[in-house]
Amino acid sequence: KQKLKIAVIQGNIPQAMKWNETLWPEIMEKHLQLTEAAALLKPDLILWPETAFPEILGETPERFTELKKRVARLKIPLLVGAVTQDVSDTGPAYYNSAILISPAGETVGQYDKLHLVPFGEYVPLRGYLPILTDIVPIDDFTAGKTYTVFPASGVRPWKKGEHNFSVLICFEDAVTDIAREFAVQGAGFFVNITNDAWFMDTKAPFMHLQSSVFRAVETRRPIVRAANTGVSCFVDRQGHIHDCVQDSEGKKTFVSGYHVGTMTPESGGLRTVYTNFGDFFTYLCFGCILWGIIRKKGRS
Numbered sequence: 006k007q008k009l010k011i012a013v014i015q016g017n018i019p020q021a022m023k024w025n026e027t028l029w030p031e032i033m034e035k036h037l038q039l040t041e042a043a044a045l046l047k048p049d050l051i052l053w054p055e056t057a058f059p060e061i062l063g064e065t066p067e068r069f070t071e072l073k074k075r076v077a078r079l080k081i082p083l084l085v086g087a088v089t090q091d092v093s094d095t096g097p098a099y100y101n102s103a104i105l106i107s108p109a110g111e112t113v114g115q116y117d118k119l120h121l122v123p124f125g126e127y128v129p130l131r132g133y134l135p136i137l138t139d140i141v142p143i144d145d146f147t148a149g150k151t152y153t154v155f156p157a158s159g160v161r162p163w164k165k166g167e168h169n170f171s172v173l174i175c176f177e178d179a180v181t182d183i184a185r186e187f188a189v190q191g192a193g194f195f196v197n198i199t200n201d202a203w204f205m206d207t208k209a210p211f212m213h214l215q216s217s218v219f220r221a222v223e224t225r226r227p228i229v230r231a232a233n234t235g236v237s238c239f240v241d242r243q244g245h246i247h248d249c250v251q252d253s254e255g256k257k258t259f260v261s262g263y264h265v266g267t268m269t270p271e272s273g274g275l276r277t278v279y280t281n282f283g284d285f286f287t288y289l290c291f292g293c294i295l296w297g298i299i300r301k302k303g304r305s
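Per our numbering, the very first residue in the sequence shown carries number 6; after that it's consecutive.
In case anyone wonders, no lab produced these hints; they're calculated from the structure. Here the structure is a predicted model, which is why all the values come from computation and not from measurement. Any given hint could be a false lead.
[Unchecked claim] Pairs of lysine-lysine, PhoX-like flavour, derived with a Cα cap of 20 Å:
(1) Lys47 / Lys74
(2) Lys23 / Lys47
(3) Lys10 / Lys47
(4) Lys8 / Lys47
[Claimed, not checked] Simulated DEER-style distance windows between Cβ atoms:
(5) Ala42 / Val278: 30 to 36 Å
(6) Met22 / Val278: 31 to 37 Å
(7) Gln190 / Asn25: 36 to 42 Å
(8) Phe286 / Pro123: 26 to 32 Å
Backbone N, C-alpha and C fix where the C-beta goes; we use that ideal spot for every residue, glycine too.
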């Protein structure tokens with residue numbers, strides 16, 4: 006099995022800075038400098054975190070065009086997190102997306118987040134309780150509709166199907182059904198891009214990381230994480246965490262940097278018990294408990 010060399014970029018952009026338009030050029034340049042440093046190690050793929058691209062894609066195309074030109078000069082594919090929009094007669098719809106740019110500087114794929122976070126990316130029951138808009142003054146994202154598997158053949162001349170991958174955005178790595186469906190549809194490994202700056206300097210980013218460990222073990226697919234403020238790392242198919250972005254003192258969160266590590270995708274279309282049967286065992290256990298309760302009541 007062929008190993009892949011992947012670079013993860015950790016920009017460490019504070020949440021208060023991310024949507025300050027005057028800082029967008031600085032944010033962009035910081036990610037590009039880290040990317041160019043990582044490119045010297047000649048990775049097969051470079052990953053930017055969730056919403057790392059510092060503006061809504063499509064509103065002003067100049068900055069994204071410049072990004073694609075820089076990627077073409079490096080000749081290394083880049084997966085970048087961005088907010089995208091789709092304008093229709095009913096108005097604009099916004100998506101939390103992952104965009105894949107080829108070594109030629111062309112957009113070759115887009116995944117729109119399927120599972121949105123309540124009150125973080127949309128307000129439930131907004132239409133029935135308008136007061137919620139005043140309490141939580143955010144615009145709603147729109148959920149994606151497609152389980153996207155990025156074809157490696159469009160990025161690198163790898164063996165067809167051997168290194169196809171899918172993206173889990175933010176807490177989608179905590180949603181078992183999404184990872185399972187991606188594995189069934191042919192993903193050989195997963196990428197988790199996330200922005201955990203919301204949690205500040207707490208244990209929450211490390212708790213979030215554990216979700217990726219479970220998904221890797223359930224599906225026997227490695228996962229590569231690119232997190233804005235950490236933890237950016239690799240998780241192998243046995244759930245072992247390795248190759249983290251960290252500073253000289255070993256601190257993994259709220260530090261900026263990059264790391265280039267290697268991983269081996271699943272290339273044989275492996276189906277685990279979980280990918281075949283999902284949560285059947287959980288339901289079976291619940292059924293046994295329920296049957297035991299009913300039987301006990303019947304005896305009494």
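Okay, the hints, checked on the actual structure:
For the hint pairing Lys47 with Lys74, the CA-to-CA distance comes to about 18 Å; that is within 20 Å, so the pair holds. Distance check on the hinted pair: Lys23 and Lys47 sit about 29 Å apart at the alpha-carbon level, beyond 20 Å; violated. A C-alpha spacing of about 8 Å is found between Lys10 and Lys47, which places the hinted pair at or below 20 Å, so the restraint holds. Among the hinted pairs, Lys8 with Lys47 is consistent with the structure: their alpha-carbon atoms are about 13 Å apart, no more than 20 Å.
Separation of Ala42 from Val278 is about 42 Å and departs from the stated range, judged on CB atoms against 30 to 36 Å. Our hint of 31 to 37 Å for Met22 and Val278 is violated, since their Cβ atoms are close to 45 Å apart. Under the hint 36 to 42 Å, the C-beta atoms of Gln190 and Asn25, about 38 Å apart, fit the expected range. Look at Phe286 against Pro123: about 28 Å separates their beta carbons, and that is inside 26 to 32 Å.
Hints 2, 5 and 6 from the list above are not met by this structure, while the remaining hints are.
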